[in-house]
Amino acid sequence: MGAYLVRRVIALVPLLLGVTGIVFALLVLAPGDPVTFLIPPEQRGQADLAEMRHQLGLDRPLPVQYASMMRDLLTGRLRAFSDRRPTIQRVTEALPATLILTATSIVVTVVLATPIAFLSALRPYSLVDHGATLFSLLGISLPTFWFGLGLIFVFTERLGVLPASGLRPAGTSGYDPLVIWPYLVMPTVVQALGILPVLVRYARSSLLDTLGQDYIRVARSKGLRERAIMLRHVARNSLIPVVTVMALLVPFLLSGSVVIETVFALPGVGQLAVNSALSRDYPTVLTTTTIAGMLVVLSNLLADIGYFYLDPRIRHG
Amino acid sequence: MQGLTPARGRRGISMSKRIGVLLLALVVACAARVPAVGQGASQAIVSIWGLPVRILGSSEAVTSYLSLLLNDSLTAVDGQGNVSGHLAEKYPASPDGKTYVITLRAAKFQDGTPVTARDVKFSYELYLHAKYPTTAPALLEIAGAQEYKAGKAASVSGITVLTPRTIRFILNRPYPYFYEQIGTAPILPEHALLNLDVARLQEAPFVRKPIGAGPYRLVEWREKESMTFEASPDYWGGVPTLKRVVLKLIPEDATVIAELRAGNIDAGRIIPEAYDSFRTDPRVRVLRMPGDTNYWFTMNMKLPFFQDPRVRQAMAYAVNRDEMLRALYRGLGTPVQSPIHPSLWQYDKQLKGYTYDPAKAKQLLAEAGWTPGTDGILQKGGQRFKVKYGFLAGKDYQNQALLIQQYLRAVGIEIDVQGIERGDFFSRYFVPGSPIELVGIAWFNLLFPPQSELEAGFKSTGSVAQISGYNSPEMDRLLDEANATRDRTKQKALYDQIQELVLRDVPRVMTVRPDVIWGVKKTLTLPGEVNSLFAFFRSIAAWQSR
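Here the protein sequences line up with chains A and B, keeping their order.
Heads up: the first sequence begins at 1 in our numbering, then just goes up one per residue.
Heads up: the second sequence begins at 318 in our numbering, then just goes up one per residue.
Since the hints were derived computationally from the structure, they do not count as laboratory data.
Beta carbons are placed, not taken as given, at the ideal position from N, Cα and C, and that holds for glycine.
Heads up, a few of these hints could be off.
Listing some non-contacts, in silico: residues in chain B with all C-beta distances to chain A over 10 Å [what the hints assert, rightly or not]: (1) Lys619; (2) Thr691; (3) Glu738; (4) Arg821.
Computed footprint of chain A on chain B, listed as stretches where at least three residues anywhere in the stretch have a Cβ under 8 Å from a Cβ of chain A [said to hold, decoys possible]: (5) 444-451; (6) 579-590.
Please model the entire structure based on the sequences and the hints provided.
Have a look at this one:
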């Protein structure tokens, strides 16, 4: 296992270089000069664009620019074009909102998905199962933007029971769960509704598959209690595809959702990444891309470790 | 049997009951309502559509608005364009209009240090530094400024510190807008910016923790979240009544409306669709003011299509501005006939301008030699009147482009509309020499003095005039004369002529100015008339909380 982990971590280096290289190439190929975003059109005549380009290092050959940015990124010295602050600092500031929202969404999703999937799988094609299918279809079909605004209209504008913007009250510091929970309710519901159906469908089909296995029939014929069969054999063996789905979902969630962040005015990574790309802030885009790439690899690695513990065939194979 | 028994807690409460109790608690908590966070005794939470990226060396609109809270200047211009002394207590000009001796009032920066003449000189030399990115053109009117900007002088010879509270400015010529365009630069504390590397201005700690001489000091800046200001006890104009102002970033219009309705914010911008419902809301006062943004489209006047002014006039007649306002802004706005903001004294209230008259448009086009082809599209010398209309990608620009397409089609001009992404638009498209045909854009008024705006737009050397190819010796002369006289009556007459000439030559077809609508909770009292977004932000220092 140790050697495997080392191999995976080493493989991360060319992967990240490839991803960031492609992203950098796309950024410089896209029309738009980063300097023009820093000087408004009415002041172009007076501003020294060449000087600003030189300050940002944009007058160097592209491979040199890329290598220099990656070097500075690794040493934590890379600064954004827009406000010249370290990009790591900018991303770190945006992370809490994204991390908190991701965590609450995953908890809500897992807590809801598990019983729904079990009920559906234990009574396939029953009213409960059809209800879960309908719910899943709705969850996948509802546009995030529309659903978010719908919740805001009902719970903020009409009922006045939940705040609709930000992650905490103005003037408070830190993220005290007792203080910030009202701010999290609606974004969490919207985020969770987007991923819950996926998880429910995967878990249901995996459970159905496991329930039909010979070893389950053997367990039942041995007179094992239903609860023990469910927990020890069905749930555990059905988890592998679910873990795979979660491994795909977690980096997606941690990369931030620009729609949810915009609707609920959350200062997360999604907005930072999109705004930086739109304003051709190459350093910030490279930083968010690198972190997202690392998250994908890390998440897959954790999934592999999960398989290792869940499935003895992998452990002993 | 154990497996069939419902799981029980330690006190024998069933799992389902525990879940029920939890749900009930959640409902009760919700019903108790989250306290409306904007209801602090002397605090206002103002929603804002964007927070500044940079607070120094930037010309973002939002930075200009925040600067009104944070900074102060020698002189200031009010909502009508009138000048008053701020940090300058006395500011007489010499009879020849070239020398200004400024006496500073006993003002302090937000860290308690006094504002001195050295700070004033330091500030102007910073703005004129060779490496400073956004030097206002008017500052180059100061004697020695151009040499200093070019790196050929160690200091600006035209700025002299006479005493700790007296400073003298000498200009190259009798420039009439000293108070409006030079005196309005924010004064910064020299001691907080010692050893500043101007080339690395944005990396200086000061730009994140600025110190100004304005009514509010910045106490917290949460990236992409909020900026919190507290009343400065040292402000020369008296401590603002409102002790705390939080500018909270809320990008989505519908969220602003919901938060305002719920009382979670104290002021926020309202979209036209919500205007009527807020007018009947007893808790909210609705402010409707002429917007700072005016929309227009211009053309490449070097192309044969647009060289004849009658063609440009015809396009101006072809556009139905009233319908545009009704269709896109629920009628909340005004047709634009002048490039000057209507709140300013330079604005010509008598201006007639263009009304929707497609028959007149067709007549002018016919006079210019364009005749309809079999498909209704105009032709001249075998060339069809078909051009490309590029616009800055965005909802407002796109909606307007589609309407303009219909209006021009109705008089025989066919346009292909194409949205252009912001990066491409400002770096490759909306630049001199680019192959534009028609281009739709908007301009923010009031961020810069009208003289600067007019010169950029219509003087042959102006940044926009160079894109459109507009070159009128008469316009150049009028602008130069307006830039040379200090007589307000003469200036006004010249600005009236300039606005008339813009209408006659049509270097741009001005369309609409949507109103800016803000909702402010009635627990806040605003002073006097607020006739622009600029005036709205300036008024915050005088808001009172009930």
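For each hint, the structure was consulted:
{"no.": "1", "hint": "Lys619", "in the structure": "holds, 19 Å"}
{"no.": "2", "hint": "Thr691", "in the structure": "holds, 38 Å"}
{"no.": "3", "hint": "Glu738", "in the structure": "violated, 7 Å"}
{"no.": "4", "hint": "Arg821", "in the structure": "holds, 24 Å"}
{"no.": "5", "hint": "444-451", "in the structure": "holds (count 4)"}
{"no.": "6", "hint": "579-590", "in the structure": "holds (count 4)"}
Going through the hint list in order, the structure does not satisfy hint 3, though it satisfies all others.
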